[in-house]
Amino acid sequence: METKNNNIENFEKFLREKTDEFRMYPSKRVWYSIYNDMHPGNRLPSISMTVVLIGFLFLIGFLNTTETAKENNIPKQDIASSGNVVVASNTLPEKNTAGYSTTETGSQLSSNNRVNLVNSSGESNPTVAGNSSEGLHRTTQPKTAASGTSTTAIAGRTSLTITNAIAEDATNNPVAEITTDNTVVLNAENNTAAFEPATGNPSFNNSGAALSPAGNDITVTTSNFNDENILAEKSSSIAVVNVQSIDLETTAGKDIPGGLNADKEVNATSSGTPNTDKQLAAAESVKNKNQITWKEKAWMDDFVLHNKPVARKWAGRAGLQAYITPSVVYRRIRNNAIDKQLAGTNSNFNNFNANDFVKHKPSFGIETGLSIQYDISRRIRIKAGAQFNYTRYNAFAYETNHPVAATLTMNADDNIMTYEAFRTSNYTNIYGNYSTKLHNETYQLSIPVGADYKLANISDNVSWYAGATIQPTIVLFAKSFVLSTDRRSYIQDPTLLNRLNMNAGFETYFSFDKGGYSLQLGPQYRMQLFSTNTKMYSLEERLQNFGVKLGLTKKL
Amino acid sequence: MTEEQMLAGCLQNDAASQDSLYSRFSPRMLGVCYRFAKNREDAEDMLQEGFIKVFSQIHQYRSEGALEGWIRRIMVHTCINALKKNKKFSDCVDIAYAGNVGIREESIPSIMQAKEVVECIRSLPLGYRTVLNLYAIEGFSHKEIGYMLDIEESTSRSQYTRAKSMLEDILIKKKILQRPKEKITHISAAM
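Taken in sequence, the protein lines are chains S and E.
1 is the number of the first residue of the first sequence in this note's numbering; add one for each residue after it.
1001 is the number of the first residue of the second sequence in this note's numbering; add one for each residue after it.
Fair warning: there could be bad hints in the mix.
[What the hints assert, rightly or not] So the derived list for chain S, only partly shown, Cβ under 10 Å to chain E, looks like this:
1. ASP20
2. PHE22
3. ARG23
4. MET24
5. TYR25
6. SER27
7. ARG29
8. SER33
9. MET38
10. GLU441
11. TYR443
[As the list claims (entries may be wrong)] Not the full set, but computed from the structure, chain S residues with beta-carbon under 8 Å of chain E:
12. THR19
13. LYS28
14. VAL30
15. TRP31
16. ASP37
17. HIS39
18. PRO523
19. MET527
Calculated directly from the structure, the hints in this document are not laboratory data.
The beta-carbon is built from N, C-alpha and C at its ideal position, and this holds for glycine as well.
Given the sequences, and given the hints that come with them, work out the whole structure.
Shown next, in the form of structure tokens:
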């Protein structure tokens, strides 16, 4: 009443006071969005949880569909206390044959309460018949299967609503309700053709099996009912034509003693209107949501069922990458003589560090290739491909006008001693007629196999990775100069070349994602695991590459 | 967590501090946005955008005024910017158009008085509502409102006068306000 004393003179003040008192509490979505915007690297797990949930639902759906597709006869379902049960039958009965029957017997519903009977095929009319006293039956009977009856035992229920959720038109739209006085009313306005073949009033008998309170959803899905068979059914207690769903709802906690007990007959009529406006509105609402016709939907269901596309399990995970890595190439040299002592007596130089006698300089190399990548987890990616490498480093030497005698210290095959091999060379390390630059170069073909690990998400589109590969390598061509025993001469001897080798690569890079592509850029180190030359040669040379890798990956 | 701690944390982009600040101010700020917005969803979008601005511009807060006032200003400007994205908004604040708009009294719920008042405000035509919100509640001058909404200052005044009159009528009909005695006297005297 205080506010009633306010007058218009204090209008602004009054408004300010009242609006300041006003509070509204935003949904969680707002904070999640703000958080994700402010902390892009630490997104809340809503997206991943959603993906997991959707995947889980798909799995459940897939398993249930697979199970029921294998069998025509739906086994007894005992639904204890909770959860949803989805039973789907996708049997394709032969037209005008009598062998089609899917009967579910003795299912005890121990609770609440939703039973959806879905006929996913189009032109046919499922029949729900109930005469026996074995709990819940769902029978789709051909002409001759009149004895296959079913009874739904439901206790403690307030209503059973049968609606035609997707129908071609309003004429095939029965809505039925089973109320506490066990009356079922099928509302099929102007629906004459659908019920004409059936004789007598459909009945719905109950054996007295109880539905204990809890919450159960049961969806029974059948496809391709044979309408002629169904319409020919004479003994069905309830004939539901073009029923898309049967929705049973129970008032929680209410135990209705008289509700649907054994031997109580439920009458169904094929005319009339829905009992309540609410039901009619619900039926209309569902119908409006489905703009496609019953036939179209049935055709689509059938088509989808029998023409399942082959799932591309790798879709979105695989990628094809092209890359190029300009690099700087150098080498490591060390004495590999088996009998160093003997080698030392043969030459004053052999046990000395070769690096002290030579002038080598790094040069450029290049690597290019294609690889297939596959994300095996959120952070780990495996990859394999083919790549070409060109490597080169330079040796500064002198060229002579005449050949000079030179010796090579070689490891004997017995791996016990060394020996001297005699060669001639026009390139010396100490003197000569004019200086020259020798190019030690190789052309290699490799098959890199490895993995990358995502170290961090820098932002929405930028990630930081580290990776490693092992690269079996074939040396296609090489121009390699080896040092003589006295380190004074360079000798070219192709027979000493090691054609098969192994390399290892290490890299770290940033990946920039845009559309279906990602660009990667980062440093790479590649090392040769075995010597360029064979074990016979007493100096071991291992190439090393330091490069910057630039790659472009297309998501497959 | 004190306001100083929250501010210090927000300056370092600390999620916990941002959460605290958001929890403290979001209910009131959503109320502000709701008065401007078409519906709750739009209001939440405005709130979200506003708080992102708050967190990303928190370093500009000089501690000279109340933090809530600073946040509220950002929210109001965010709301106005969001409204201006709607092409119809400029028509709505036009005086000629607004004069023909009726009141949707049926949309006024009677739940609580604060909410009722807010809903009464929201039942006004968009142009009236915006000007009234800015002038009577947020305390902007007509000159500022004219600048914010790209309308003449005189238009803002006219809009406010009509909005005020319309809202008074609604509040009186809802028995939230009483007609002033002088006015009643004046009316009875005239009779």
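Tested hints:
1. For ASP20 of chain S, the interface hint holds, the least distance from its beta-carbon to any beta-carbon of chain E being 8 Å, beneath 10 Å.
2. Nearest Cβ of chain E to the Cβ of PHE22 of chain S: about 4 Å, under the 10 Å cut. The hint holds.
3. Hint on ARG23 of chain S holds. Least Cβ distance to chain E is approximately 4 Å, under the 10 Å limit.
4. Residue-level restraint check for MET24 of chain S holds (minimum Cβ-Cβ distance to chain E is 4 Å; threshold 10 Å).
5. The interface hint given for TYR25 of chain S holds, since its Cβ lies 5 Å from the closest Cβ of chain E, which is under the 10 Å cut-off.
6. About 6 Å separates the beta-carbon of SER27 of chain S from the nearest beta-carbon of chain E, less than 10 Å, and the hint is met.
7. About 7 Å separates the beta-carbon of ARG29 of chain S from the nearest beta-carbon of chain E, less than 10 Å, and the hint is met.
8. With a least beta-carbon distance of about 5 Å to chain E, the hint placing SER33 of chain S at the interface is held under the 10 Å criterion.
9. With a cut of 10 Å, the hint placing MET38 of chain S at the interface with chain E holds, because the nearest CB-to-CB distance is about 5 Å.
10. Restraint check, GLU441 of chain S versus chain E: the minimum CB separation of about 52 Å is more than 10 Å; hint violated.
11. Using the Cβ-Cβ criterion of 10 Å, the hint placing TYR443 of chain S at the interface with chain E is not satisfied: the shortest such distance is roughly 51 Å.
12. This hint holds: THR19 of chain S has a C-beta 5 Å from the nearest C-beta of chain E, less than the 8 Å allowed.
13. Evaluation of the LYS28 of chain S hint against chain E yields a violated restraint, the C-beta minimum of about 11 Å exceeding 8 Å.
14. Because the closest C-beta pair between VAL30 of chain S and chain E is about 5 Å apart, less than 8 Å, the hint holds.
15. For TRP31 of chain S, the interface hint holds, since its Cβ comes within 8 Å of a Cβ in chain E; the closest pair sits about 6 Å apart.
16. At about 5 Å, the closest approach between the beta carbon of ASP37 of chain S and any beta carbon in chain E falls short of 8 Å, and the interface hint on this residue holds.
17. Restraint check, HIS39 of chain S versus chain E: the minimum CB separation of about 6 Å is within 8 Å; hint holds.
18. Against a cut-off of 8 Å between C-beta atoms, the interface hint on PRO523 of chain S is violated, since the closest Cβ of chain E lies about 29 Å away.
19. For MET527 of chain S, the shortest C-beta to C-beta distance to chain E is roughly 41 Å, which exceeds 8 Å, and the interface hint is violated.
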